[in-house]
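J.: Sequence:
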Amino acid sequence: MSQSNLLQFFRKSISAGLGAWLLIGPTVPAHAAAEPAPRALEWSDHQLTLSIVEWAERAKTFTQKSLAGGATPSVATTRALSWTTLAMFEALNAVDHRYRSYAGVTLADGEASGDAAVLTAAHEVLVSLYPDQRSDLDRIYGRELDAIADGAAKAKGVAIGASAAKASLRLGGRNLQVPIELYRPYTLAGTWVPTTLPVIEPFQLVLSPWFLSSREQLRPSGPPDLTSARYAEDLNEVAALGAKDSQMRTPAQTNEALFWNRIDLMPVLRQIASIGSRSAVQNAHMYAVLSMSLDDADLVAEDAKMHFSRWRPITAIRNADRDGNPATNRQADWLPLLTTPIHPEYPCWHCITAATVATALEAELGADRDMPLVFFSESVPNDVRIESLRAYSHDVSRSRVYAGVHFTFSCKDGEEMGRRVGALSTKAIPLLTDKRGSL
63 MSQSNLLQFF
73 RKSISAGLGA
83 WLLIGPTVPA
93 HAAAEPAPRA
103 LEWSDHQLTL
113 SIVEWAERAK
123 TFTQKSLAGG
133 ATPSVATTRA
143 LSWTTLAMFE
153 ALNAVDHRYR
163 SYAGVTLADG
173 EASGDAAVLT
183 AAHEVLVSLY
193 PDQRSDLDRI
203 YGRELDAIAD
213 GAAKAKGVAI
223 GASAAKASLR
233 LGGRNLQVPI
243 ELYRPYTLAG
253 TWVPTTLPVI
263 EPFQLVLSPW
273 FLSSREQLRP
283 SGPPDLTSAR
293 YAEDLNEVAA
303 LGAKDSQMRT
313 PAQTNEALFW
323 NRIDLMPVLR
333 QIASIGSRSA
343 VQNAHMYAVL
353 SMSLDDADLV
363 AEDAKMHFSR
373 WRPITAIRNA
383 DRDGNPATNR
393 QADWLPLLTT
403 PIHPEYPCWH
413 CITAATVATA
423 LEAELGADRD
433 MPLVFFSESV
443 PNDVRIESLR
453 AYSHDVSRSR
463 VYAGVHFTFS
473 CKDGEEMGRR
483 VGALSTKAIP
493 LLTDKRGSL
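Start counting the sequence shown at 63; every next residue gets the next number (our numbering).
Hints in this document: simulated from the structure, not taken from any laboratory.
Just so you know, not all the hints are guaranteed correct.
[Unchecked claim] Label-pair distances were calculated between CB atoms; the ranges are: (1) R380 with G204: 52 to 60 Å; (2) E295 with T402: 19 to 27 Å; (3) E478 with P260: 19 to 27 Å; (4) Q126 with L493: 28 to 36 Å; (5) E173 with E449: 41 to 49 Å; (6) L250 with A453: 45 to 53 Å; (7) A429 with A217: 25 to 33 Å; (8) K127 with A389: 24 to 32 Å; (9) T312 with T168: 51 to 59 Å; (10) V446 with H369: 35 to 43 Å.
[What the hints assert, rightly or not] Think about it this way: if two alpha-carbon atoms lie no more than 30 Å apart in a straight line, the pair counts; the simulated DSBU-like pairs of lysine-lysine are: (11) K218 with K228; (12) K122 with K216; (13) K228 with K216; (14) K489 with K474; (15) K474 with K306; (16) K127 with K228; (17) K122 with K489; (18) K218 with K306; (19) K489 with K228.
Values in this document were obtained by computation on a predicted structure and should not be read as measured data.
Glycine included, each C-beta is placed from N, C-alpha and C at the ideal position.
Could you put the whole structure together from the sequences, leaning on the hints where they help?
T.: Set out below in structure tokens:
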């Protein structure tokens with residue numbers, strides 16, 4: 063099945079309430095039976111889930127439009143998805159009363175339209191972040207809001223959504239207590255160095271974490287010493303497997319490096335959201351928690367990379383005669399399979415991201431944590447992978463060695479950091495013990 067056909071299938075399965083895994087038949091998570099049934103909503107849970115999914119994807123689309131033409135990333139573009147999904151979660155949760163509020167939104171009394179709350183929350187966040195795209199956002203919002211029957215419940219839902227958006231936007235921005243440090247190239251006075259700046263923008267290091275106490279909280283102990291046996295082993299491995307003209311890397315490994323270089327996680331979230339036993343507020347919670355945890359994953363990756371500032375394989379291998387390690391050898395013409403990212407090597411950012419995703423989503427799936435999911439590549443658009451979350455995390459890590467851009471020690475440390483970020487996120491917005499709102 064082609065990527066476009068699979069995406070259409072997932073969209074239809076959500077709106078029809080069939081579940082993307084109709085043929086697989088996932089089991090109901092153990093905790094589902096113990097949770098109270100969600101309050102009846104004006105739209106069905108499946109329609110409301112589809113609205114959550116589509117507004118999350120619109121947040122990504124409008125962010126991409128804002129960055130079109132090489133525009134510099136900003137706080138808005140960096141945090142847009144988290145603010146949007148958090149606002150939708152807070153709005154729906156204020157109506158449904160299932161989870162503790164992260165943003166301090168008051169639970170609503172009486173009947174309110176959850177769908178109006180969700181639409182309004184997402185719309186208000188995005189028009190605040192991207193005022194130049196207001197006309198398109200207003201058109202979409204107006205069309206969907208008009209489909210909801212007028213009345214007191216709708217009006218109350220709109221008010222809840224607006225309040226949730228404001229509360230969410232007050233969080234997760236720049237931490238004014240942390241000074242911005244501009245990048246300074248390391249060089250001897252008068253000696254040329256490449257003049258391209260790292261893709262990590264200075265402001266990204268001073269954004270407030272969502273679930274961490276600080277950006278340094280999960281900073282690892284650091285890479286192995288250049289003279290160690292571990293360093294030599296991993297350098298020799300990437301030199302052999304990650305070279306552009308490698309004779310040791312198999313065609314399958316080459317494809318792995320290409321496939322996992324850039325993937326789109328939105329279809330994965332759609333698949334989980336389409337599971338029939340899940341409620342709309344559970345799905346809103348999933349989108350918010352995952353988006354926020356990925357922000358934290360980015361923050362710890364950026365912090366560690368700039369703190370350790372460790373060289374990439376291409377630099378290390380071409381300077382192996384200077385590392386003081388007799389078990390490494392210089393290869394003056396060595397090139398990696400893929401273009402090396404413009405930021406330090408340690409730790410592996412892809413690995414942190416994948417492990418964060420796997421840990422957070424395994425918690426969402428509960429007993430179905432090992433179910434197969436379809437992954438789509440943005441770098442190899444006509445290819446897909448069907449595998450578990452744990453396999454996904456492992457494969458991403460190995461792919462960075464095959465790509466020639468990371469050492470295995472960096473991948474393993476990155477995985478551990480990601481697992482810790484994901485574990486923190488699973489406890490950050492807990493269920494209420496009582497549906498009436500008392501804790």
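J.: Of the numbered hints stated previously, which ones are contradicted by the structure, given in increasing order?
T.: Violated: hints 7, 8 and 18.
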